[in-house]
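Q: These are the residues of each chain, in order.
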Amino acid sequence: MQDPRSRKPDPKILPKPLPLLQQEWFQRIAAPTVVGLTLLVLWQAVCRFFQIPQYLFPAPTDIASSLIDHAGLLFQSLKITLLVTLQAFALATLLGCLTAFLIIQSRLAEIGLFPFVVLLQVTPIVAIAPLIIILVKSTSLSLVICATLVALFPIISNTITGLRSVDPGLVSYFRMKRAGRLETLMRLQIPSALPFFLAGLRISSGLALIGAIVGEFVAGTGGQSAGLAYQILQSGFQLDIPLMFAALVLIACLGIAMFFVMSALTHLLLGHWHESAMKEQR
Amino acid sequence: MTILKAVRLDMTETRRIEAGKTGTEHPVIQILSANKIFPNGTQALDAVDLNVQQGEFLSLIGPSGCGKSTLLKMIANLIEPTDGRILWWNGGPERIGSAGSRLAFVFQDPTLMPWARVDANVRLALDLERKGADKSDVAARIHAALDQVGLAKFARSYPRELSGGMRMRVSIARALIDQPDLLLMDEPFGALDEFTRNKLDLDLVRLSWERRLTTLFVTHSIYEAVFLSTRIIVMAANPGRIHSELVIDEPQPRDEDFRGSPRFAQLCRDLSRMLTEASHAGSPQS
Ligand SMILES: Nc1ncnc2c1ncn2[C@@H]1O[C@H](COP(=O)(O)OP(=O)(O)OP(=O)(O)O)[C@@H](O)[C@H]1O
Ligand SMILES: [Mg+2]
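Chains A and B are the protein sequences, given in the same order. Numbering-wise, this note's numbering puts 193 at position 187 of the first sequence, and it's gapless, one number per residue. Numbering-wise, this note's numbering puts 125 at position 112 of the second sequence, and it's gapless, one number per residue.
It is worth saying that the hints were derived from the structure and are not from the lab. In this text, all values refer to a predicted model and were calculated from it rather than measured experimentally. Mixed in with the good hints there might be a few duds.
Claimed, not checked - One side of the interface only, derived from the structure: several residues of chain B facing chain A at Cβ under 8 Å:
{"no.": "1", "residue": "A89"}
{"no.": "2", "residue": "L91"}
{"no.": "3", "residue": "L116"}
{"no.": "4", "residue": "F120"}
{"no.": "5", "residue": "D122"}
{"no.": "6", "residue": "T124"}
{"no.": "7", "residue": "M126"}
{"no.": "8", "residue": "P127"}
{"no.": "9", "residue": "W128"}
{"no.": "10", "residue": "L141"}
{"no.": "11", "residue": "Y171"}
{"no.": "12", "residue": "R173"}
{"no.": "13", "residue": "C281"}
Backbone N, C-alpha and C define an ideal beta-carbon position, used for all residues, glycine too.
This is chain B alone, in the form it adopts within the complex:
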């Protein structure tokens, strides 16, 4: 296990985000030239440097297999970097989950317990909380979380009785119920239809704004990335690395008007071009 030492944070190096949310901005996570080579020799990440600012909505976009999921798991401390290091700042260099920083992760798969009903799956997040955590009105909170993703009627169903997109929404409810301040989401809406996805996107914008969430969001949708993010990181593959970034300096919280604006279309075109470049950069042999 990497021993995390206090490293003085050089604020001049830190990119300030103009469009960021209110409040003092400081990085909550700092990734310093992180490499990841899996035991089978696959190099998933190559020297990734990234600062995640307090309260920003950061999207990761890039071709399949460019290490987005790997990067997110590293930030959640589920994978160790082979080289380089990750610092979690909660007023000081501490590990994730320690006082002040609450992390929720929506994985790329729903990862629900098949033997438990939907409400029990959502309650798991509260059940696994430390002792002394706020455990009042559990039932009401479960209902609210399920209602938020439109599944209040399915509280007593088993996961196998739900569609893929519904299972994913249960997983989202489980992540939102314990009021995180760092939210990691790996293609959470990938399995949903356009209509439901747009609705959930709107909810997410509102939620992250209200709760001052710091969000890391993986998506394959250019429109979704532009609509949600304050900053977008474009990644390239083979090996996975950061190719470029795009700051979306549109005021928060956003609404449907932004989706229809010419500026939105322009930003989508920009991002699309960057993504094309990144894809070409990722496969020099073709």
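Excised from the complex, chain A in its bound form:
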């Protein structure tokens, strides 16, 4: 049959292009830039005006020049920290998904496993990091384990929530069609869980970085495998505060970069259907 409303092609009314200042993408870039620059200028002005010594609180320009002076050292450390973070993040994603799938399979698995998942979450990483470092021979492996433990919980709990939050109507449909377990998982549960899973990933990516930093603080490894945390420790001992800030800037950049990559991934996978990733439509 012919739908009466679809007979004539509906005229696509395009919104008038807004002036640059009111455009969404411009505001998104401009607003944080303005805030950031203002803060930097204020910071610089305060440091110079009150003549605060570098070893107490360096001005942005001091930090920048330190960053350039120690570029080789710092970027070597950045690479190491990044590697630990990424390994831990990948491991946490894998383990988190497996645990979540296991837990939703049966009520008994949930009762048996979930308390330990919570235990994992509530135990402070600084408290168990020394133990892990003693037990595990390879330092870099022990750092990866620390970071994985920190990053694991949001992935497990979000994936479980996601796998459970399936539209009951669709569950009925699949049951009526007598779909198998695997089929229901692949076609229904995993797509439904995706928004929750990705939100978990976004939190965990930041946590993996925190775990990597905290682990290294406790381990205090130097030499070839020194990460950014070690540079902070070291510059603290040597009262090279601008270097400390420079390392800090790199950690912050790393965290922001991870967050943006995860946001982009979320947008890529969900942009076309899920509210959380869709642009606001007025």
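Given chain A, put chain B with the ligands in place with the hints provided.
A: Chain B with the ligands alone, transformed into the frame defined by chain A:
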């Protein structure tokens, strides 16, 4: 899970439908004093007895909350009766979905997958079929099913881009694509405008006639029930039960002329009166 045992079907008990479609009539579904009490204590159904005949178009009508959806879900084996039992006859007492009986259910809500486009949502019905089912010309069948509900142009849209009534029509297309012989529809056209609804009603009459479908149809519209049905069950609420029934012995397939006939108006008046009685019966306290 209720164990379904073979029960000899007593044909003398079975109501014969004069206006039924051609062919040998035997019940496809037999509901024997089914009760449903939900875990929270709500009694949704009280001792419902119902035989659904092969090829009949049976409508359920009644006040909101009288257990129509519950009854349909029970027939689709999605809800277990607390008491009593349901028999599905496919030449013998077998469960729904087994050889010979193909069931499609249009729920009260569209229940589409929000992450999949319209055509993928319709294809789901075929994707979930058993191995060995006919999977030829899938694309053509999807197109035909969408065309039937007037949505061929929207095959590549996402459900969120459609209106409520359009989503419901996608759900109908999904139900029709795998050629069921038992069709359960829970207020499928409730969200549609009168004009579109009448058109789809006509399509449904033709379709169920051509394919010799057995249809169970829930509606709140008296006109729709009279136009479509060979038999109408009027239900009462608190607790949900069958109040009365009305046989519409008008030959099939029906067309627009029937809608304008004095007989149609008379039947609508009859049904309206029965529905009023059922509503009063359902609320003794008021
Ligand atoms: N899952 C449930 N748990 C508890 N009570 C329920 C549940 N589902 C339905 N009910 C109750 O059962 C009764 C019948 O519900 P049902 O959905 O079958 O009504 P209905 O006749 O389809 O109504 P409507 O015309 O509004 O769709 C209602 O009183 C409702 O509150
Ligand atoms: Mg209902």
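Q: Are the hints correct? Go through all of them and say.
A: Results for each hint:
1. Interface hint status for B/A89: upheld, as the beta-carbon distance to the closest one in chain A is roughly 5 Å, under 8 Å.
2. Because the beta carbon of B/L91 sits about 5 Å from the nearest beta carbon in chain A, less than 8 Å, this interface hint is met.
3. Annotation: B/L116 was flagged as interfacial toward chain A, and the flag holds, the nearest CB pair being 7 Å apart, inside 8 Å.
4. Interface hint at B/F120: satisfied, since its Cβ lies 6 Å from the closest Cβ of chain A, which is below the 8 Å cut-off.
5. Against a cut-off of 8 Å between C-beta atoms, the interface hint on B/D122 holds, since the closest Cβ of chain A lies about 5 Å away.
6. For B/T124, the suggested interface contact is upheld, since its CB lies about 3 Å from the closest CB of chain A, less than 8 Å.
7. Using the Cβ-Cβ criterion of 8 Å, the hint placing B/M126 at the interface with chain A is satisfied: the shortest such distance is roughly 7 Å.
8. Of the supplied interface hints, the one on B/P127 holds, with its beta-carbon coming within about 5 Å of a beta-carbon of chain A, less than 8 Å.
9. Proximity of B/W128 to chain A holds as hinted, the smallest CB-CB distance being about 5 Å (cut-off 8 Å).
10. Proximity of B/L141 to chain A holds as hinted, the smallest CB-CB distance being about 4 Å (cut-off 8 Å).
11. Look at B/Y171: its Cβ gets to within about 5 Å of chain A, closer than 8 Å, so that hint holds up.
12. A cut of 8 Å between beta carbons decides the hint on B/R173: the least distance to chain A is about 7 Å, and the hint holds.
13. Below 8 Å, beta-carbon pairs count as interface contacts, and B/C281 has none with chain A, the closest being about 24 Å; its hint is therefore violated.
Hint 13 alone, counting from the list given before, is not met by this structure.
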